Each structure stands twice: as structure tokens, then as C-alpha cells.
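Following the hints, position chain B against chain A.
For the protein sequence lines, the chains are A and B, in the order given.
The first sequence maps to residues 1 to 159 in the numbering used here.
The second sequence maps to residues 160 to 334 in the numbering used here.
Derived by calculation from the structure, the hints in this document are not laboratory data.
These numbers were taken from a predicted model, which means no experiment stands behind them.
Each hint can be trusted.
Facing chain B, from chain A, some residues (calculated, C-beta under 7 Å):
#1 D22
#2 T41
#3 P44
#4 T49
#5 L50
#6 N61
#7 L64
#8 V71
#9 I73
#10 N128
#11 T142
#12 L153
Derived pair list, reagent style PhoX-like, types lysine-lysine, alpha-carbon separation capped at 20 Å:
#13 K305/B <-> K67/A
#14 K2/A <-> K251/B
#15 K305/B <-> K135/A
Across the chosen pairs, the derived CB separations fall in these ranges:
#16 E284/B <-> K95/A: 26 to 34 Å
#17 K135/A <-> P248/B: 52 to 60 Å
#18 S285/B <-> K135/A: 24 to 32 Å
#19 D146/A <-> L260/B: 30 to 38 Å
All residues carry an ideal CB built from backbone N, CA and C; glycine is no exception.
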Amino acid sequence: MKGKLICLAGLFVWTINIQGQDFASRFMHEISKDTSISCETISPKMLETLMKMHDENKDENASLISKLKSVRIIHVPKRSKAYFKNAEALLDKNKNRFTEVTEARNAENKKIFLRKKDELILELVLLNLDTLQNKLTIINLTGEMDQEFIEDLSENEGI
Amino acid sequence: MDYKYIEQLLERFWNCETTLEEEAIIRAFFAQKEIPAHLKRFKSLFHYEQTLKEARLSDDFDKKVLAQTEEKETAVKARRITFAQRLMPLYKSAAIIAFVLTLGNAAQKSVGFDADSQASDYNYESYQDTYKDPEVAYNQISSALKMISESLNDSTLRDSTQQTDRSKTTARIQP
Numbered sequence: 001m002k003g004k005l006i007c008l009a010g011l012f013v014w015t016i017n018i019q020g021q022d023f024a025s026r027f028m029h030e031i032s033k034d035t036s037i038s039c040e041t042i043s044p045k046m047l048e049t050l051m052k053m054h055d056e057n058k059d060e061n062a063s064l065i066s067k068l069k070s071v072r073i074i075h076v077p078k079r080s081k082a083y084f085k086n087a088e089a090l091l092d093k094n095k096n097r098f099t100e101v102t103e104a105r106n107a108e109n110k111k112i113f114l115r116k117k118d119e120l121i122l123e124l125v126l127l128n129l130d131t132l133q134n135k136l137t138i139i140n141l142t143g144e145m146d147q148e149f150i151e152d153l154s155e156n157e158g159i
Numbered sequence: 160m161d162y163k164y165i166e167q168l169l170e171r172f173w174n175c176e177t178t179l180e181e182e183a184i185i186r187a188f189f190a191q192k193e194i195p196a197h198l199k200r201f202k203s204l205f206h207y208e209q210t211l212k213e214a215r216l217s218d219d220f221d222k223k224v225l226a227q228t229e230e231k232e233t234a235v236k237a238r239r240i241t242f243a244q245r246l247m248p249l250y251k252s253a254a255i256i257a258f259v260l261t262l263g264n265a266a267q268k269s270v271g272f273d274a275d276s277q278a279s280d281y282n283y284e285s286y287q288d289t290y291k292d293p294e295v296a297y298n299q300i301s302s303a304l305k306m307i308s309e310s311l312n313d314s315t316l317r318d319s320t321q322q323t324d325r326s327k328t329t330a331r332i333q334p
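Excised from the complex, chain A in its bound form (with noise of 0.2 Å):
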């Protein structure tokens, strides 16, 4: 009975762990014995600093990263199409956090999953699979977006 309490506690202890982790850190989590798969991180900190150099009145850029806590950039060299799957079925196994919000009109290798909260978009994991130099990028954006950053982010693509 004290080994079940035990054990059960340690389970809170890591369910709340797991929540508090964005998509690209149970990526990189599982598949971890591949050295090859890079993952770029920006933190709030730096964020920050880029709001302060650039303004966010004149800058388009500017503008959506004011409504961004962290940026993760996974880069995938080898393999590509398996851990697409890999990424695919870990957001799949997480449905009730993700869901996915794109059709593809000609292929199935660009996917968004969005993560929302009433109506804002806490999180936003971008799957774009490069069959021609087989090479798999998997963007992780957090923070507080919304509905106007979507629309800006698809009317400027410019960027």
C-alpha cells in the first residue's frame, strides 16, 4: 500500500513535469539517442531584447513576436520521413492538447497543430517536410497568439 502511495505520487510529480513541456522537448526527449537532430532554441529573454532593439510599430516582425514567449527549431538531416511520422503520431497521441488545423491542397508534408486556450493560441507546432533534400523541420512557436497573428502571418509572406 505505501509502495502504491509512493508510486503515485512520483506519478504526479512527473504528469505535472510533462505538462509544463512544450512539443519540441518530448520531441527531442524521444528520439534523444539521435545526435544528429539539432533543436535551436530562442528564450522569453531573448525575446524580450528583440522587442527592445526593433519597434514593433515599423517592424511586421515585430509585431508577431510581441505575442511570442519562446521559438524551437528542430532540424531533422536524416530520415526525414520516418520521424515526420515520429512527430505526426506523438501529436496524434496528445489529441487533446493538439489538433490539427491544416489541409494540405498537394501534399500531405506541411501540417500546423495548434494548442488553444479559449480563444487564444498558446501553442504552435509547424511540421514541413522537404521531400527533395529529404531534410524535416519542426517549428515550436509559444506564447499568446491569436487570430490576428494567424492573419498576418499569412497575408505577409514577405516576411
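For chain B alone, kept in the frame of chain A given last:
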């Protein structure tokens, strides 16, 4: 009967002035059956001393004590305590602390004490910047946003109202 001599002896007894012979006289007097009323209260004292003097160990006292010790010796068995069992109190303490912290955290989030609970959902403290140069970081972010923008424009968003008009480039997310 005149008990003045006994009373004098008692007075000397309280002052610790009596000899052994005088104390023997006092005990002999209180050993009698008939004692005057004003002296009866002292009988139990001198009678107690007498019975205490007569107290002796029984002949089978040694046997009883030895028998008890022998029984205890056979009842005790050696027990091996593993390393894990030694650390068990530590595990219990850690589990209790983790449980209390978890409950506190859950209570905080459910009651809404943390006003910025959405933003603090992620453990940003553990984030370590890959780039030290802000301009490099800015360029990387720009590239990432461009990629997302291209993806948004290459795909249609899942929205029944948008499917009829695929020429629209402005994306709208279904609530």
C-alpha cells in the same frame, strides 16, 4: 499506664538521638497488640520497618529470573535489513513532500491564484538560448515565421466556410 518513657523515647527518635537499644525498645512497644490511642499513629511506621527487615528473597528466586531470561533469548531472531529498507524513511519523506507540492500546485492552478497561468504553463526557466547574438536570433525567427507563412498559404485551414472559396489567401482558424 504511664507511657511517658515511650513518649520521651519517641521525642529522642525524631531528634535522631536514640541509641540502638532505645530504638529496639520502641519497636518492641509498637509490636504489642494494645497500644494507646494517641500513639497508634506511629505503629505503622515502626511495624513497616520491622516487616521490611524481615523481607527475604525466596529460594526459587534465582530459578525464576533465569527462566525468564532464557525464554527471551530464544524469542529474538536476527533480521537482515536491506539497503532499500534502510532508505525507506527517506523515500517516504520525499513522497510526502512531492505529494504536498503537487497538491499545492494543483490548488493554485484550479483556484486561479496565478493570474498569468497560461503563460507560465511552460517551464521557461529551463530554456537556454542557442544564439548569443540577438540579430542572429532575429534572423532565425524571421526564417521560421516565413516558413509558417508559406505553409499557411500552401494549405487550406479546416473551415467549412472557407472550402467553397479556395482563392482566399487570408487564413482563418475555425473556433
